[in-house]
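J.: Residues per chain are reported as follows:
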Amino acid sequence: MIPLSWYLLVAAALFCIGLFGVLARKNTIAILMGLELMLNAVNINLLAFWSYLHHAQMNGLVFAAIVFAAAAAETAVGLGLIISAYRRRGSVTANDLDTMKG
Amino acid sequence: MSAAQVLFILVSTVTLFSAVMVVSVRRMMHAALWLIVSLLGVAVLFVLLQAGFFAMVQVLIYIGAISILIIFAVMLTRQVMSEKIPQLNRGWVAGLVAAGGLMIILAFVFRDFPGSLATTMGDPSAGDVVTLGKALADPNGFAIPFELASILLVAALIGTIYIAMERKGGEQ
Amino acid sequence: MMNAWLYIGLFLVIALALPAAAIFISYILGPKKPDPVKRSVYECGIETVGETWVQFKAQYYIFGLIFLVFDVETVFLYPWAAAYNQLTLFMVLEAVLFILILVGGLLYAWRKGALEWV
Amino acid sequence: MDFWTDPYLFLVNWLHGLLVGWGLPDAIASFILMFAGAFVLAMGAMLFVLGLIWFERKLVGRFQDRFGPNRVGPWGIIQPLADMLKIFTKEHITPAGVDPLPYNLGPVLAVAAVLAIWAVLPFTISLVGADLDVSVLYVVAIGGLGEIAVVLSGWGSNNKYALLAAFRSVAQLLSYEVPLVIALLVPVMLSGSLSLNQIVREQGVWYIVLAPVAAFIFFIASIAEVGRSPFDLTEAESELVAGFNIEYSGLKFGMFYVADFLHAFTISLLFAVLFLGGWRGPYAEQYPLLGLVYFMLKAGAVYFINIWMRASFPRFRIDQMMGISWKLLTPLAIGAVILTAVIDKLLPGGELLPYGDYVRVGVMLGANLVLVVIAGALMALQKRKHMLQEFPIAASKGFTVRDVSVNRGTK
Numbered sequence: 001m002i003p004l005s006w007y008l009l010v011a012a013a014l015f016c017i018g019l020f021g022v023l024a025r026k027n028t029i030a031i032l033m034g035l036e037l038m039l040n041a042v043n044i045n046l047l048a049f050w051s052y053l054h055h056a057q058m059n060g061l062v063f064a065a066i067v068f069a070a071a072a073a074e075t076a077v078g079l080g081l082i083i084s085a086y087r088r089r090g091s092v093t094a095n096d097l098d099t100m101k102g
Numbered sequence: 001m002s003a004a005q006v007l008f009i010l011v012s013t014v015t016l017f018s019a020v021m022v023v024s025v026r027r028m029m030h031a032a033l034w035l036i037v038s039l040l041g042v043a044v045l046f047v048l049l050q051a052g053f054f055a056m057v058q059v060l061i062y063i064g065a066i067s068i069l070i071i072f073a074v075m076l077t078r079q080v081m082s083e084k085i086p087q088l089n090r091g092w093v094a095g096l097v098a099a100g101g102l103m104i105i106l107a108f109v110f111r112d113f114p115g116s117l118a119t120t121m122g123d124p125s126a127g128d129v130v131t132l133g134k135a136l137a138d139p140n141g142f143a144i145p146f147e148l149a150s151i152l153l154v155a156a157l158i159g160t161i162y163i164a165m166e167r168k169g170g171e172q
Numbered sequence: 001m002m003n004a005w006l007y008i009g010l011f012l013v014i015a016l017a018l019p020a021a022a023i024f025i026s027y028i029l030g031p032k033k034p035d036p037v038k039r040s041v042y043e044c045g046i047e048t049v050g051e052t053w054v055q056f057k058a059q060y061y062i063f064g065l066i067f068l069v070f071d072v073e074t075v076f077l078y079p080w081a082a083a084y085n086q087l088t089l090f091m092v093l094e095a096v097l098f099i100l101i102l103v104g105g106l107l108y109a110w111r112k113g114a115l116e117w118v
Numbered sequence: 001m002d003f004w005t006d007p008y009l010f011l012v013n014w015l016h017g018l019l020v021g022w023g024l025p026d027a028i029a030s031f032i033l034m035f036a037g038a039f040v041l042a043m044g045a046m047l048f049v050l051g052l053i054w055f056e057r058k059l060v061g062r063f064q065d066r067f068g069p070n071r072v073g074p075w076g077i078i079q080p081l082a083d084m085l086k087i088f089t090k091e092h093i094t095p096a097g098v099d100p101l102p103y104n105l106g107p108v109l110a111v112a113a114v115l116a117i118w119a120v121l122p123f124t125i126s127l128v129g130a131d132l133d134v135s136v137l138y139v140v141a142i143g144g145l146g147e148i149a150v151v152l153s154g155w156g157s158n159n160k161y162a163l164l165a166a167f168r169s170v171a172q173l174l175s176y177e178v179p180l181v182i183a184l185l186v187p188v189m190l191s192g193s194l195s196l197n198q199i200v201r202e203q204g205v206w207y208i209v210l211a212p213v214a215a216f217i218f219f220i221a222s223i224a225e226v227g228r229s230p231f232d233l234t235e236a237e238s239e240l241v242a243g244f245n246i247e248y249s250g251l252k253f254g255m256f257y258v259a260d261f262l263h264a265f266t267i268s269l270l271f272a273v274l275f276l277g278g279w280r281g282p283y284a285e286q287y288p289l290l291g292l293v294y295f296m297l298k299a300g301a302v303y304f305i306n307i308w309m310r311a312s313f314p315r316f317r318i319d320q321m322m323g324i325s326w327k328l329l330t331p332l333a334i335g336a337v338i339l340t341a342v343i344d345k346l347l348p349g350g351e352l353l354p355y356g357d358y359v360r361v362g363v364m365l366g367a368n369l370v371l372v373v374i375a376g377a378l379m380a381l382q383k384r385k386h387m388l389q390e391f392p393i394a395a396s397k398g399f400t401v402r403d404v405s406v407n408r409g410t411k
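Protein chains in written order, with this note's numbering: chain A, 1 to 102; chain B, 1 to 172; chain C, 1 to 118; chain D, 1 to 411.
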């Protein structure tokens with residue numbers, strides 16, 4: 001059968017790819033996509049631990065469900081912000097949106 | 001190399017390859033389509049973990065709703081010329097180093113984590129959807145997070161509508 | 001249980017392969033006479049003006065957003081509905097409260113005119 | 001279990017014995033059988049579409065007081081076959097500047113998304129493709145893939161109108177998936193499981209009797225999901241130049257056509273499974289083949305009503321269509337779910353009630369009818385308020401909207 005460590009490695013790789021996406025991309029929507037990958041990696045880990053080690057308790061599953069809700073809410077608000085920023089600033093690249101800077 | 005292991009390796013390579021493409025491809029629309037491919041790969045991983053309900057939830061929410069929202073956002077913020085300039089910002093080398101370092105650290109952590117040698121999964125009948133439903137509903141179980149999730153969702157709904165609604169008077 | 005998912009995997013592969021094979025056969029059978037006029041994009045007869053990507057209203061995004069929130073809500077409700085027979089009345093009222101909170105969100109969207117297709 | 005009671009199981013066991021007899025290990029033999037079963041089911045569904053096309057064209061002809069296809073073969077039976085052969089030999093024109101992968105993947109995914117639903121449908125007591133324990137969610141998730149197919153084909157064909165039409169049709173699909181998903185909660189609640197197979201087994205009393213409001217909402221929302229009859233704005237001729245499949249010709253357009261017809265029949269099958277008790281009927285357990293006949297009859301009846309609506313209703317404007325989904329169907333679906341949940345718990349256990357089942361059915365039916373009356377009253381109130389805003393003088397004199405509905409353009 002598939003050892004648990006394989007799942008952890010795949011999830012870690014997915015998380016690091018998402019992290020690179022967030023750190024290195026200019027377009028804010030690409031940053032959000034990187035964030036989606038990181039949240040998926042978290043979900044893989046949660047369900048892998050539930051499936052291998054704690055199959056009886058439901059904590060892992062409920063936590064994964066809450067991660068789904070949080071990811072959905074985060075993406076919705078993030079994209080809403082990007083769209084209204086685009087409508088005001090006319091640009092979506094991350095380093096243009098720095099009017100908060102002193 | 002049992003059939004499940006071969007399938008696992010195949011699916012995870014597809015997922016990781018499309019994840020790399022999401023991060024590196026220049027045109028936003030292609031990045032969104034590669035994101036859908038990697039989310040499908042993750043859904044198959046959930047099936048391998050005997051979490052069928054979450055595989056379907058993954059397809060329903062991530063691919064059915066969030067990816068379409070991302071595609072709408074990509075369409076709404078269309079700048080025709082912005083596709084040609086390089087998409088990576090100046091500090092991409094630092095990002096790569098940080099991500100690579102994190103990967104190496106995590107690999108070491110998993111190497112001596114005792115649980116990671118477990119190879120057998122629990123019996124599938126234990127964690128089916130009905131027990132999850134009971135756990136979500138009963139008060140001394142997870143009822144509070146259940147209600148908090150709905151408050152979180154309504155807050156996101158109201159906030160985004162307030163932000164994204166075009167003011168009647170226009171606000172440029 | 002796992003071979004049910006194996007059957008689904010097989011069926012998806014076949015469901016993708018059948019139309020692809022049909023299109024490929026028709027590609028082979030069909031005549032191939034490419035001609036630039038034939039390949040021009042359909043624009044009610046006039047030439048395509050400018051790039052294809054066209055600006056959009058925020059309306060599409062708002063509908064997608066409300067759909068996303070209600071989709072996540074129903075995903076939370078499905079396990080509860082599946083375990084409905086073993087629940088007490090109090091637990092059922094919990095889920096009703098869950099739904100009413102989201103109906104509040106829908107009413108807000110309705111009042112703010114977010115549901116209008118302008 | 002001889003041949004006549006259950007030919008399908010008999011055949012499977014016989015083939016299995018044959019393969020094992022040839023020395024194949026057991027796992028490989030069952031894998032081959034599974035693959036063959038899946039292939040036969042998929043191929044059967046695709047060929048079944050030809051019969052559907054013929055049936056629909058004849059029926060719509062009858063509704064419009066004409067004959068429908070009757071030239072090619074007796075009663076025009078071979079007409080769909082002739083069309084298919086013609087379309088197979090048409091040229092593939094790919095317009096310039098097209099993004100090849102999404103352009104070609106669109107139609108394939110559109111058909112695959114509809115075909116994949118057939119994998120979980122319980123045809124008889126023994127013949128069910130994959131007995132998933134989450135098949136209700138699987139069906140809704142595959143519907144989501146259908147939207148991705150629309151986006152792919154709309155965006156891939158590098159055409160302004162196709163892109164706009166694709167996003168309008170995705171907006172329609174999204175807003176009608178909400179009442180569909182909420183209405184699906186009711187059969188899951190009544191049967192206590194997410195598996196279609198289990199829902200059919202639990203349906204002693206058909207769920208259309210216990211929850212008619214949810215059945216009505218599921219029927220309307222699934223028609224809108226397919227994009228047919230009153231909700232066919234996406235492919236309408238008068239609308240944005242025949243919708244997102246403008247740039248497709250030959251068999252690729254034919255694939256959208258096939259997906260449309262197959263999806264219309266698939267939602268009738270789903271309605272029969274969820275609300276009309278699937279293969280249930282007298283002697284369906286002993287003779288599964290009889291169960292299949294019941295199932296097809298029920299699905300055929302729903303398909304007939306579907307075509308009836310298609311032949312008689314005018315098309316909705318897009319803002320009316322969105323209004324119906326968000327302002328009527330979604331609140332009604334939420335009301336139906338809350339109502340069923342609370343009423344079913346309030347009723348005391350079966351043994352307390354005199355002949356408990358009939359009372360339970362009666363109360364549930366009554367509660368649903370009350371919900372319909374309340375919805376009707378609210379809609380009348382809404383129309384009254386709209387009337388006062390639009391025509392204050394006429395309203396004060398007591399005219400109704402019908403007297404005053406001069407054909408004004410929308411604001």
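Just so you know, the hints here were simulated from the structure itself, not pulled from any lab data. Since the structure is predicted, the reported quantities are computational estimates derived from the model, not experimental observations. Ideal Cβ placement from N, Cα and C applies to all residues, glycine included. Keep in mind that the hints are not guaranteed to be accurate.
Said to hold, decoys possible - Only pairs whose alpha carbons sit at most 27 Å apart, straight line, appear in this in silico DSS-like list of lysine-lysine:
| no. | chain 1 | residue 1 | chain 2 | residue 2 |
| --- | --- | --- | --- | --- |
| 1 | D | Lys86 | C | Lys33 |
| 2 | D | Lys90 | C | Lys112 |
| 3 | D | Lys345 | B | Lys134 |
| 4 | C | Lys38 | D | Lys90 |
| 5 | D | Lys86 | D | Lys58 |
| 6 | D | Lys397 | D | Lys385 |
What the hints assert, rightly or not - Across the chosen pairs, the derived CB separations fall in these ranges:
| no. | chain 1 | residue 1 | chain 2 | residue 2 | range |
| --- | --- | --- | --- | --- | --- |
| 7 | D | Ile393 | C | Gly104 | 34 to 40 Å |
| 8 | D | Leu369 | C | Ile101 | 26 to 32 Å |
| 9 | B | Val37 | D | Phe313 | 21 to 27 Å |
| 10 | D | Val60 | B | Asn140 | 45 to 51 Å |
| 11 | B | Gly159 | D | Gly204 | 43 to 49 Å |
J.: Which of the listed hints are not met by the structure?
T.: As far as the earlier hints go, 2, 9, 10 are violated by this structure, in ascending order.
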